[in-house]
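So the protein sequences, as listed, match chains A and B.
Using our numbering, the first residue of the first sequence is number 2, and each one after it goes up by one.
Using our numbering, the first residue of the second sequence is number 5, and each one after it goes up by one.
Among the hints, erroneous ones may be present.
Said to hold, decoys possible - In silico SDA-like pairs for lysine to any residue, Cα to Cα no more than 25 Å straight-line:
1) Lys188(B) to Leu162(B)
2) Lys159(B) to Gln18(B)
3) Lys27(A) to Arg217(A)
4) Lys102(A) to Ser124(A)
5) Lys228(B) to Val221(A)
6) Lys228(B) to Ser124(A)
7) Lys278(A) to Cys286(B)
8) Lys228(B) to Lys27(A)
9) Lys228(B) to Lys102(A)
10) Lys278(A) to Arg141(B)
11) Lys159(B) to Lys228(B)
12) Lys27(A) to Glu285(B)
13) Lys278(A) to Phe221(B)
Stated by the list, open to error - Just a sample of chain B residues kept apart from chain A, beta carbon distances all over 12 Å, derived:
14) Ala33
15) Val39
16) Glu76
17) Leu83
18) Arg107
19) Ile115
20) Phe138
21) Gly170
22) Pro233
23) Arg235
24) His267
25) Glu285
Rather than coming from a laboratory, the hints here were simulated on the basis of the structure.
Don't be surprised by glycine CBs; every beta carbon is placed ideally from N, CA and C.
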Amino acid sequence: MIELKDLCYARLGASDLDDAESFSIKSLGLQVAEHTAKSLYLRSDDRAHTLCYFEGDPADQTVGFEVEDEDKLTAAATTLDELGHAVHVGTATECSLRKVKAFIGFKDPTGNQIELAVRPERSGKRYVATRDAGITGFSHVGLYTTDPARDERFWTQVCNARVSDRIGDIALMRVNAIHHTVALAPGRGAGIHHINHQVGSNDDVLRSYCHLSGQRVPIVFGPGRHPTSGARFLYFQGPDGMVFEYSVGVDEIEDEETHRPRQFGFEPSSLCMWGAKSARPR
Amino acid sequence: MNMAATAPRSSLIQLCYVRLAVSQPQSAAAFATEVLGLQAVPDKQALLLRSDNRYHTLCLDTTTATSSIGIEIADEAALDRMAAALKQEGFTAREATAEECARRFVRRALIVVDATGNEIDLVLRPAQSGRRYFPSRDAGITGLQSVGLRSRALKDDLRLWTAILGARVSDRAGDVTYLQFDHKHHRIALYPSSRTGLVYVSYGVESMDAIMQSNYFVQERQIKILHGPGRDPASGQIFLRFEGPEGYVFSYAYGLNDVEPNHHPRQFASQPSSLCEWGSECRDIPELQLPSGR
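Based on the provided sequences and hints, a complete structural model is requested.
Here it is as structure tokens:
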């Protein structure tokens, strides 16, 4: 079994790196860690980077997870290879672009680009946000799926994810105590559905709602509250259509042994208990 | 030593009701139950509504052109002292007739007019209900919490509330003045204005969830949100202010702070962020817009 320890980074192709930088600083509120000729590295917590924009196709989207060590990475590569997933072993240059010691890349059954990384860099300098959004860190991703049941099996049987709750057939899955690290979302093809950053308080969510509305950033869902994780949330749209989420108050699954996934109906109130309706095209 | 035990206790006990002058009572009552979520009280004389364990906290009155609020006074002696002080200070105050008392569900009332022209009933023994409050929709209302009053004569209105009635200033935002008389940050807020009347009537609700659920509930019914969802930095409360019938403004609020016994009134800058720390702004009500830089 592939043991995912935590989320590590997201890598997004950008059609215009300047737009991506402007949004990241003025709207999202991340800190620029490094700006190279073709890449923008952004911090959200004490890691050296958690989001990287690179000059390229916006459809080129990757999510990186941390695994324990190089032995575990080799074992994961073997497992994936046996299951027929094409595995790419990261070159030294590619590793340095990701600020990790080693990594492998593959595609999940839907075709999402996933990387498993060893020893992602942390930074000795503390995280200083560019605006007072109250961000405490990169926390989870939503991944599109073309077959929720098949992909749930991949994440829970090939990898170590556990289902925390389901909305219809859509699984919210955890790899540690946090309610979910990967949320599946039905879609027509591969891609990142949303990128979540946690914030410090309810106030931060609502302040950002006013701040982003004032900047004419499209608010696509919320402010709202998920009845599944209990989190208060706000979804909004960034460059190239990527959706970002702020949330606060995500439940922790305290007892791994006794937790049973709850089944929520596939209806709007399962996504927001306050009554917000998603404006995202499906 | 416990400061609360030594602080002089106010003779103002509670904000007990609001009487709104309306011309279309049935549509106002429909709003009060279907949107606000209050409980209608069966009564032949008037349209009465409950928000908590009291017999009524809202009366929709077609017989008057002036809205008013009711404040419970501790006892006869305190009310007599207030009546004498009001007379001496030149305020209009008259004893309510037996019929007026009956319509207010109180045993005695002194009907006072403040310097602005707002009517304030000082009342004794307002009626409670033995039956528990049963709301008409799940808005999470916990009770009538505060009112905002327009003030055309802030200095004299403040004199009435503090020197004569015994309320204390808890904080100011620009010239908006919050008045406390129990453990809560404010029960009355005075808003500088060119008019008489109420700025809003505010009901406490049980949670932030209740505020946000109502935010979407009223939006779906095409009801105009006038201010919020927002958070008032002085009192800490999260609020949602929206348009009611006949120009009245109603508010839900959650998280109104208690006042520490040694609280000293703070002056918040005359800026929109002093009325909402989240950044919501009110475009339609002049009293809820703080002029910047004063």
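Outcome of the hint check:
1. Proximity of Lys188(B) to Leu162(B) is assessed by CA-CA distance (about 18 Å); at most 25 Å being required, the pair is judged to hold.
2. With a CA separation close to 23 Å, the supplied pair Lys159(B) and Gln18(B) stays within the 25 Å bound.
3. With a C-alpha separation of about 12 Å, the suggested pair Lys27(A) and Arg217(A) falls inside the 25 Å cut-off, and the hint holds.
4. Simply put, Lys102(A) and Ser124(A) have alpha-carbon atoms about 15 Å apart, close enough for the 25 Å limit, and the pair holds.
5. Distance hint between Lys228(B) and Val221(A) is fulfilled; the C-alpha atoms sit about 21 Å from each other, no more than 25 Å.
6. A C-alpha spacing of about 48 Å is found between Lys228(B) and Ser124(A), which places the hinted pair above 25 Å, so the restraint is violated.
7. Between Lys278(A) and Cys286(B) the CA atoms are separated by roughly 24 Å; this keeps the pair inside 25 Å, and the hint holds.
8. A threshold of 25 Å between alpha carbons decides the hint, and for Lys228(B) with Lys27(A) the separation of about 30 Å lies outside it, so the pair is violated.
9. With a C-alpha separation of about 56 Å, the suggested pair Lys228(B) and Lys102(A) falls outside the 25 Å cut-off, and the hint is violated.
10. Using a Cα cut-off of 25 Å, the hinted pair Lys278(A) and Arg141(B) holds, with the two alpha carbons roughly 21 Å apart.
11. Using a Cα cut-off of 25 Å, the hinted pair Lys159(B) and Lys228(B) is violated, with the two alpha carbons roughly 33 Å apart.
12. Taking the CA atoms of Lys27(A) and Glu285(B), the gap is about 21 Å. The hint holds against a cut of 25 Å.
13. Pair hint Lys278(A) plus Phe221(B) holds up; C-alpha atoms about 12 Å apart against a cutoff of 25 Å.
14. Residue-level check passed: Ala33(B) sits 25 Å from the nearest beta carbon of chain A, beyond 12 Å.
15. At roughly 14 Å, the least C-beta separation between Val39(B) and chain A is larger than 12 Å, which holds for a residue marked as non-interface.
16. The beta carbon of Glu76(B) sits about 34 Å from the closest Cβ of chain A, which is more than 12 Å, so the claim that it is off the interface holds.
17. With a least beta-carbon separation of about 42 Å from chain A, Leu83(B) lies farther than 12 Å from that chain, consistent with its non-interface assignment.
18. For Arg107(B), the requirement that its beta carbon stay farther than 12 Å from each beta carbon of chain A is met, with the minimum near 38 Å.
19. With a least CB separation of 41 Å from chain A, Ile115(B) remains clear of the 12 Å interface cut-off, as annotated.
20. For Phe138(B), the requirement that its beta carbon stay farther than 12 Å from each beta carbon of chain A is met, with the minimum near 23 Å.
21. Every Cβ of chain A is farther than 12 Å from the Cβ of Gly170(B); the closest lies at roughly 34 Å, confirming the non-interface assignment.
22. Distance check on Pro233(B): its Cβ comes as close as 6 Å (rounded) to a Cβ of chain A, failing to clear the 12 Å threshold; non-interface status is violated.
23. Its closest Cβ contact with chain A, about 6 Å, brings Arg235(B) to no more than 12 Å, contrary to its assignment away from the interface.
24. Listed as outside the interface, His267(B) is consistent with that label: its C-beta sits roughly 22 Å from the nearest C-beta of chain A, beyond the 12 Å cut-off.
25. Separation of Glu285(B) from chain A is inadequate, the least Cβ-Cβ distance of about 8 Å not exceeding the 12 Å criterion.
When each numbered hint is compared with the structure, violations occur for hints 6, 8, 9, 11, 22, 23, 25.
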